[in-house]
Amino acid sequence: MSLVERITSFADAKVWYGNLPIESLYTVGIAGEKFFRAIKDRGVIMGSVCPSCNLTYLPPMMYCERCFAELEEWVEVGTKGTVYTYTVVGVSLGGAPLEQPEILALIKIEGAHGGLVHRLGEVKPEETEIGMPVEAVLKPKKDREGSILDIKHFKPA
Amino acid sequence: MRQVAIVGVGYSGFRSISPDLSYKELMYEAAAKAYDDAGVDPRRDVESFVSVAEDFNEGTSIFDEYVPDQIGGVLKPVHTIPGDGIHGLIAAYMQVLTGAMDIVMVEAHSKASNVLTLSDVVAYAMDPIYNRPLRANPLFIAGMEMNRYLYKTGTTEEQCAQVVVKNRANGFLNPSAAYGARLSLDAVLSSEPLSYPLKRLEVSSHADGAIVMVLASGDVAQELSALPIWITGVGWCNETPSLETRDWESATYARNSAEMAYRVAGIRNPRLEIDFAEVDDTFAYKELQHMEALGLCREGEAGLLLEEGDTELDGELPLNPSGGNLGVGHLLDASGLARVLEVVLQLRGIAGQRQLEDVETGLAFGWRSIPTTSGAAVVLSN
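If you read the protein sequences in the order shown, they are chains A and B. Numbering of the first sequence is given in my numbering, commencing with residue 1 and proceeding in unit increments. Numbering of the second sequence is given in my numbering, commencing with residue 158 and proceeding in unit increments.
Keep in mind that the hints are not guaranteed to be accurate.
[Unchecked claim] Derived SDA-like pairs (lysine to any residue); straight-line CA-CA distance at most 20 Å:
hint: 1; chain 1: B; residue 1: 181; chain 2: A; residue 2: 4
hint: 2; chain 1: A; residue 1: 40; chain 2: B; residue 2: 285
hint: 3; chain 1: A; residue 1: 14; chain 2: B; residue 2: 273
hint: 4; chain 1: A; residue 1: 108; chain 2: B; residue 2: 181
hint: 5; chain 1: A; residue 1: 139; chain 2: B; residue 2: 235
hint: 6; chain 1: A; residue 1: 14; chain 2: B; residue 2: 177
hint: 7; chain 1: A; residue 1: 108; chain 2: A; residue 2: 70
hint: 8; chain 1: B; residue 1: 181; chain 2: A; residue 2: 15
hint: 9; chain 1: A; residue 1: 108; chain 2: A; residue 2: 140
hint: 10; chain 1: A; residue 1: 155; chain 2: A; residue 2: 129
hint: 11; chain 1: A; residue 1: 108; chain 2: B; residue 2: 177
hint: 12; chain 1: A; residue 1: 14; chain 2: B; residue 2: 176
hint: 13; chain 1: A; residue 1: 108; chain 2: B; residue 2: 176
These aren't lab readings, by the way, just hints derived from the structure by calculation. These numbers come from a predicted model, not from an experiment.
Isolated chain B (complex conformation):
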């Protein structure tokens, strides 16, 4: 099989609002930086373009028509997919695998601050006949899942709150994080309950920004980059849309995504072979639930490992050194690509104050947030 590497990354953001730049300019800036980083000219060298976008978040129907120009893709193969950013990365990866393309880019962005009715958009994603008539804030899904997860695993509310403290502190060391902060556990625990047992500070706040990555096939990647970051495994899975029949305890979509990615990467023991991970933490409990589902520890163990400091920057298995969605900000469907971005920066050794020591293999996992059971994972090595 062909080898595929990430040879360039660029991003614009991440900020709570971005009144100065249009979404096209955010994308242009991220793309220009990524092409500069990869040393490629998009008009001459990039053979295909993948953008990730969801019409309702963009406020524009048939949004795929609006992506080619600002990423250098006019008159070239371009397509847009709705999904998590990692789904887009996997689509670009597979295009290189075909052998038809050597250099492909992927882009994802968030202009969340321009969506005036974001919770209505999320509510509109629920089943219109069985669930939507209840007219509840969609956070109820996260509240119900958190409650069941705590009940099943014995994980505590304090442990969930500790995720927020850790990730926002990591964000404090990340200049591109919108929500870096040093918080006390009490501040998180005493923030108002939005959907019991889920508290306000356990819900990641949205941010604006764009992320672009340039992928290249083996030989081309070696020529372009002194330190290509190899994509060694990919996996993705959707469970059922039905709130009533899905697994509420253990994030099966994450387990299946990771098992596929590990199989492709030839990883038999992720606990030993993964040096660090960036995993979805849209809601604080999700980091713990996802850590378990991704095979990084046993069920019910994530909260304890967190308390022991294992997932801190200097721990055995650092989780979300970037700050995650809680620290960086939730970038809508670019969130998964933000996870990959941090893995790339860490594996290149350019993550600044939060740089981890001696890392060779990292995992990124993205989830499309409520009400979905849509996940995607990628394993990367330097």
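Bound conformation, chain A alone:
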């Protein structure tokens, strides 16, 4: 038992094309609404606090992933942090070389558990270092729309 006959000519190796245009909405939720409204309206970054684990979640969540408690306390965590790790991405989403490589980083904010993944700007790749202090650069208030892209990038502080 197995395959006895085989395709032996490329001309016989046929394919059929198919695609699926997927479009979705993603409900931001209670915690996300609070987080994005704080950035949009007041230009501040907020986290949610788990008092029993002594953790401030960033991005904020409505529940603690450690103890499963519902979180109701919120604090401002400031807009300054440090580069926990970074990379210089040389290819686009589709894999083509980027003319201008992008620096992406996980920025840890002091006092918060977690941080934000974002672009670094106003700095060259060779000047970027783990541990480097950075701060968020926000779009002008009129251009903010309640998105993670309301933060343009983080720059050296």
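With chain A held as given, fit chain B onto it using these hints.
What follows is chain B alone, placed relative to chain A:
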């Protein structure tokens, strides 16, 4: 507890493309070989079927409807799980443990060459609100993790590149590996940076293929096979999906998976009791990070042991004798089952030119690649 063994393996592949066979034919070929190897008739003897598949990779919604016929499972208990192949193996193992089934099969496959927008599929797996708007190639996650791992452990870029040299050379001795090659360290180091410090040749390339295994309970396994390969421990763990709160340094999902598997297998000192391992090396640094997390050496030591040759075919603890994902090719969610396949071949003593000497216990570890923290481990003995 019941004993469970792997009594048959079959595979089709592994190749960079497979224009001649449909995914169903790849699966059929692997299944037919596995049933032949086990000496069972799927229509008469196999009591349950587990397939591993992810709809987006298949290009078909509700893909579980499309698996029974080509594996001999029509009108029988069949279910499909999304996960790594080792998650599927563990699901099949547990079905035998229940006592309700004596012979169960597991299947996983990759038709990656048919997915025209694979990096979009991976990007679509990221958090849609906090991460996806950045529209970055998802390799950025591997680049950021590698950078932090090197920073934390003192592992060097040369050591990561050496993983590629080793694994592709092992693949060179494996006739079913799609990417076997003899490479110089310089060739790896000078390949273009895709996401600094990660270089092109440190990223495993995809391959097509299918893998099937037949599992049986103790007595049945003894009857069916002269050399059943016993599953002595299993473990699995998911960390958090959040890029922001996860552990970026030490692959906690791998450590937890292995600790569970060792506990089940009664292994107290994996460094002494594991003879060899097949561990996920989707990105070169991952082999080193996973080796440490799996308790096969201390943190920061993997790169040094690699340099000393400990993880070569003739070393103290051979890692990825098959060639790993870097040498065999990345088989999407069949990758973990490819790790198990090599452990089975080695423990049976039929691994050809790359056969290891005097091996009794092997570990296989699979990871579901970026952006996941989803791991699964299995310990096998002959």
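Hint check:
Of the pairs offered as hints, the one joining residue 181/B and residue 4/A holds, with about 15 Å between alpha carbons and a cut-off of 20 Å not exceeded. Distance check on the hinted pair: residue 40/A and residue 285/B sit about 18 Å apart at the alpha-carbon level, within 20 Å; holds. As the CA atoms of residue 14/A and residue 273/B are separated by approximately 16 Å, the hinted pair is consistent with the 20 Å bound. Restraint check: the Cα-Cα separation between residue 108/A and residue 181/B comes to about 47 Å, which exceeds 20 Å; the hinted pair is violated.
Distance hint between residue 139/A and residue 235/B is unfulfilled; the C-alpha atoms sit about 53 Å from each other, more than 20 Å. Taking the CA atoms of residue 14/A and residue 177/B, the gap is about 8 Å. The hint holds against a cut of 20 Å. A C-alpha spacing of about 23 Å is found between residue 108/A and residue 70/A, which places the hinted pair above 20 Å, so the restraint is violated. Only pairs whose Cα atoms come within 20 Å are accepted, and residue 181/B paired with residue 15/A is accepted, the gap being roughly 14 Å.
At roughly 23 Å between alpha-carbon atoms, residue 108/A and residue 140/A are farther apart than 20 Å, so this suggested pair is violated. For the hint linking residue 155/A to residue 129/A, the alpha-carbon distance of about 12 Å falls within 20 Å, and the restraint holds. This hinted pair does not check out: residue 108/A and residue 177/B have alpha carbons roughly 50 Å apart, beyond 20 Å. Straight-line distance between C-alpha atoms of residue 14/A and residue 176/B comes to about 7 Å, which keeps the hinted pair within the 20 Å bound.
A threshold of 20 Å between alpha carbons decides the hint, and for residue 108/A with residue 176/B the separation of about 47 Å lies outside it, so the pair is violated.
Comparing the model with each numbered hint stated earlier shows that hints 4, 5, 7, 9, 11 and 13 do not hold.
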